Amino acid sequence: MSQKLLSRLRFNFGFLLEANFGESRVIELDYPSIRVADDLDLAPLRGSIKASRTSEGIYVEGSLQTAIDAQCVRCLTTFSLPITLQIDDLFYYPPVTA
Numbered sequence: 711m712s713q714k715l716l717s718r719l720r721f722n723f724g725f726l727l728e729a730n731f732g733e734s735r736v737i738e739l740d741y742p743s744i745r746v747a748d749d750l751d752l753a754p755l756r757g758s759i760k761a762s763r764t765s766e767g768i769y770v771e772g773s774l775q776t777a778i779d780a781q782c783v784r785c786l787t788t789f790s791l792p793i794t795l796q797i798d799d800l801f802y803y804p805p806v807t808a
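Residue numbers (the numbering used here): 711 to 808.
What the hints contain is simulated information worked out from the structure, not anything from laboratory work. All figures in this text were calculated on a predicted structure; none of them were measured in a lab. Where is the CB? At the ideal position from N, CA and C, for every residue including glycine. It is possible that some hints are incorrect.
[Said to hold, decoys possible] Label-pair distances were calculated between CB atoms; the ranges are:
| hint | residue 1 | residue 2 | range |
| --- | --- | --- | --- |
| 1 | T807 | Y741 | 35 to 43 Å |
| 2 | T807 | P754 | 40 to 48 Å |
| 3 | Y741 | E766 | 24 to 32 Å |
| 4 | T807 | D748 | 40 to 48 Å |
Given only the sequences and the hints, what does the whole structure look like? Please build it.
Dropping the structure here:
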């Protein structure tokens, strides 16, 4: 898969590493259509992501809604399959060693 396909879904939260604990940033997503793989388009992709500075690193939480084109295995009819993705991750950095 080309890295260019996902470049619009990369977010730099590095500035939060220098921020005070509890500092956060919310990103609203509203893409009419986005290609995430050579054979996979998400249309639309909507939702919000909140990134917060914690003592361990950066905590990211949010919810995204999208739909993909799928095919029924029984009748072979194409239909739109709605998908909701919950995000709940901690990106931590290793402790500093002397």
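Structure-inconsistent hints, enumerated in ascending order:
Violated hints: none at all, because every hint is consistent with the structure.
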